[in-house]
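For the protein sequence lines, the chains are A and B, in the order given.
According to the working numbering, the first sequence holds residues 517 to 1020 in order.
According to the working numbering, the second sequence holds residues 517 to 1020 in order.
I should point out that these hints are in silico values taken from the structure, not numbers from a laboratory.
A couple of the hints might just be wrong.
One copy or two, either will do: identical chains are not told apart, so a pair holds if it fits within one copy or between any two.
Stated by the list, open to error - Simulated pairs of lysine to any residue, SDA-like, Cα-Cα distance not exceeding 20 Å:
hint, residue 1, residue 2
1, Lys-869, Ile-704
2, Lys-585, Ile-522
3, Lys-701, Ser-903
4, Lys-869, Asp-726
5, Lys-765, Asp-732
6, Lys-869, Met-727
7, Lys-730, Gly-632
8, Lys-764, Leu-665
9, Lys-701, Ala-897
10, Lys-869, Leu-725
11, Lys-869, Gln-743
12, Lys-869, Ile-522
Computed from a prediction, not measured in an experiment: that's the story for all the values here.
Protein chains: 2
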Amino acid sequence: MKKTAIIMNERDNVAIAVEEIGRGAQALPGLIALERIPQGHKIALEDIPQGAAILRYGVELGYALRPIKRGGWINEDSLRLPEMPDLHDLRWGLRLDAPLPPAPRDSFEGYPNPYGGPAGTRNILAIHTTVQCVVGVLNIAVERIRRELLPQYLHVQGVVPISHDYGCGVAISAPGADIPIRTLKNLIRHPNFGGEIMLVGLGCEKLTLDMLLKPDEINAENVLMLQEIEGFDAMLEAIYAMAERKLKKLNERRRETLPLSKLLVGLQCGGSDAFSGVTANPAAGYAADMLVGAGATVLFSEASEVRDGAHLIAERCVDEATCRKLAYELQWFDDYLERGGADRSANPSPGNKEGGLSNIVEKVMGAIAKSGTAPIVEVLAPAERPSKQGMIYANTAASDFVCGTSQLASGIGVQVFMTGRGTPYGLAAAPVIKVSSRTALKQQWGDLIDFDAGPAATGGMTIAQLGESLFHQIVDVASGRVRPAAERYGIHNDLCLFNPAPIT
Amino acid sequence: MKKTAIIMNERDNVAIAVEEIGRGAQALPGLIALERIPQGHKIALEDIPQGAAILRYGVELGYALRPIKRGGWINEDSLRLPEMPDLHDLRWGLRLDAPLPPAPRDSFEGYPNPYGGPAGTRNILAIHTTVQCVVGVLNIAVERIRRELLPQYLHVQGVVPISHDYGCGVAISAPGADIPIRTLKNLIRHPNFGGEIMLVGLGCEKLTLDMLLKPDEINAENVLMLQEIEGFDAMLEAIYAMAERKLKKLNERRRETLPLSKLLVGLQCGGSDAFSGVTANPAAGYAADMLVGAGATVLFSEASEVRDGAHLIAERCVDEATCRKLAYELQWFDDYLERGGADRSANPSPGNKEGGLSNIVEKVMGAIAKSGTAPIVEVLAPAERPSKQGMIYANTAASDFVCGTSQLASGIGVQVFMTGRGTPYGLAAAPVIKVSSRTALKQQWGDLIDFDAGPAATGGMTIAQLGESLFHQIVDVASGRVRPAAERYGIHNDLCLFNPAPIT
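Bound-form chain A, shown alone:
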């Protein structure tokens, strides 16, 4: 039977409308809607007095600003935010024994990583840049390389310029500048790029080669500086010739059967709605538990979308050091926002609210569902690379593009992207699987959504069934057997570096 409203936890005093519920219609047996409840929004299961807690996921989303009648609509204007969890008082190691669902597969087909870390999932020539100055010339060269050279190298799947707005005109030694520099440095070592370094610089930029490369990597095989070249035509030729040399080498790479312990997956959500936390994120969380159980490493991120659940994440940290780093990273982000005159009320977006997410607490509870139940073995600063295997919190901003770029720098081979409102997001350097939280979105964007988690809301499939199916899709995409929509169509967003330091 099709469900009309969902109760997430037995403690809850609200339910979520699966479809719009008309005024006077029955939401649940014996519960009549007193007003129109939009899809994904909350309906009160009981009379809620002014000041009383509104509970979803068994968690206090906030406190009623006015009395709410049983059957009434609860939206962002109905409740007051609770206090944020205190980062000085986090407790770790309380929930480390959740049983993980057994994985039906334990291997995938990946490209061995010359640096020894997680495997590649694609074989790509990346052309890195020190500075935006070179991007105009590089783009012209890349167009020609893609047209003329790439078709000759059948084992290479793409040529990707790693362009950005960093590198000069920035306070390169100010606090926070380590983040964009580390991002670029680690992007160079992304497993999809096969250890072939190709870097185009200008010559007078602040971001010097030694900040990105090791001394023995700085040579004419790997680096072109435009100020040393005799004019535009010669620049194009030099870039073309270096790309050809690198393509030849990359063309030798082959997939091998590798254990899932060599797979690194990133999780993200964007354009969330109230179903994200009911369908897509729990399904991703189940798949993540399967991956972790099979030895893979999974990152989840987005500081402002975990902050209000810091205590829940801390409880899953495997040791005190991990818990302390969690507190440090989240405190850093709190301070960053405060210094800029912002706070967590800057999130959610208007679209989130329209989709039924009343406030950041509700968004966070849905967002952290994607991290499943596995112990958290490590916490990373933005764009750091993992040193452990298992479930990892990789701190980033929640901006889809900043988070995507940061997770790429951490080395992810696949990103799983949950969306409720819908975004055509894609990355050029790694495949992105887009998971819809509602079947209506899958029906509307049939050619853009790779996986529909909507049936978990309507009762057609369980989270476990969806999670296992998503697990298979992740492994198939990693293995190159399935190409998600954004990859097939070439939908590539720009890389966006997170630079908390000033522009000069």
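Assemble the complex: chain A is given as a structure, and chain B must be docked to it using the hints.
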């Protein structure tokens, strides 16, 4: 006769090496170099005791950190920075009567501006975006539009996506967020885009349509929201169809002979060296004086590259309000840098120093030479549009791409870009004339440099001769009779919004 070293001002106690001067070689009659003086670097004209001022442009660049012998080399390690001019104590209106050189022409061929401001210099279909989310889809559509549609509309010169990393995942109401929003809003009204508005949004982003458009502009003729469209193919078709309607209208635009009062020119420098302030910037300043004398409006920018000359700019302000706004804008930038833990020592870049610019004071003195001598009639906040005509200080960061984007938002029809070290910089939305400070750069990058100001150093041409020649080139480029190198080759850098507010 070829000059070996240049003295900028009779008060100076240093000269600038036109070419490298070998140890023991004669730099000027009777002056022997005690050590190797690299090209563009400073040689002492007299013994300078420890603590004494080092004078160039008749201005104190700093104070000797150790005794310097006559004939010695002065570099960034030789001197200590002086105090910055006090912004609370600026005096205005002291230098308003500099005679401006008469302009040899008073009109150009431009596209009348439907909004009534400065004229267009090109006829371009711009496709604006609310948020990075849509960029992947838009890029695919633009490629098809450029290939299939643009060739049918002979009077339109380009299709330019106005893509950016702003729009969501940002603290949209934090202090400073007005800057990126104003930038995008004013870019929509750039005179080169002919008043034809085409905006692609997603649907759930924080940057809502009302922040960019007037109520009567928000309609299906001008705006596409991807979340309202049925899938990827339909998105491409909708963008294509709207672009076709806009191209038809733009194709009706024709150039008309317009007075130079309809011309708005932006000045910028990037990759500067010690010659920038000897050749390229003074030549640009002379051309700017001619333009202003003929009624045109000229912007100069780059807070950290004028800050140490604030007192000199203030003296040219026409009234107290302008002087106060100058102080306000520069103070804002000081505070912005300080908040981020940076200061003016973040500038100059290593390349600047290698080119002979010892510190920010020396860089600034060279940089403000580009503003010529005309009275300063207005000071703009970043990305504001001028309300007056004449010489204007438009506050921006010095980053080439942030400044370029900001000046575009202010409405410039042509940018004149002075470079010493060399950068292949270009903008897609307006032509950029690249001026080299050294003939060696023009010789090396013959196909990228549009105008060589080097002869002012070697004595081949005067600043007045070069300035007048540059004036003609600016007017010819504005009129579409000359296409600078970056425009001919399609060398287009990314737009970079200045967002001082946090990412969330």
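Right, here's what the structure says about each hint:
1. In this assembly of identical chains, the alpha carbons of Lys-869 and Ile-704 never lie at most 20 Å apart, being 38 Å within a copy and 28 Å across copies at closest.
2. With identical chains, the CA atoms of Lys-585 and Ile-522 are at most 20 Å apart within one copy only, with a shortest distance of 18 Å there and 84 Å across copies.
3. Taking the shortest alpha-carbon separations for Lys-701 and Ser-903, only the intra-copy value of 16 Å comes in at or below 20 Å, while the best inter-copy value is 45 Å.
4. When the C-alpha separation of Lys-869 and Asp-726 is checked against a cutoff of 20 Å, the pair qualifies only between copies, where the shortest distance is 18 Å, while the shortest distance within a copy is 46 Å.
5. Taking CA atoms no more than 20 Å apart as the test, Lys-765 paired with Asp-732 passes inside one copy only; the shortest distance there is 19 Å, against 57 Å between copies.
6. When the C-alpha separation of Lys-869 and Met-727 is checked against a cutoff of 20 Å, the pair qualifies only between copies, where the shortest distance is 18 Å, while the shortest distance within a copy is 42 Å.
7. Taking the shortest Cα distances, Lys-730 and Gly-632 sit within 20 Å of each other inside one copy (17 Å), while across copies they are farther apart (55 Å).
8. Taking identical chains as interchangeable, the C-alpha atoms of Lys-764 and Leu-665 lie at most 20 Å apart only when both belong to the same chain, with a minimum of 10 Å there against 36 Å between chains.
9. Taking the shortest alpha-carbon separations for Lys-701 and Ala-897, only the intra-copy value of 14 Å comes in at or below 20 Å, while the best inter-copy value is 35 Å.
10. Taking the shortest Cα distances, Lys-869 and Leu-725 sit within 20 Å of each other only across copies (17 Å), while inside one copy they are farther apart (45 Å).
11. In this assembly of identical chains, Lys-869 and Gln-743 lie within 20 Å of each other by CA distance solely across copies; the values are 15 Å between and 50 Å within a copy.
12. Proximity of Lys-869 to Ile-522 under the C-alpha cut-off of 20 Å is restricted to the intra-copy arrangement: shortest distance 18 Å within a copy versus 65 Å between copies.
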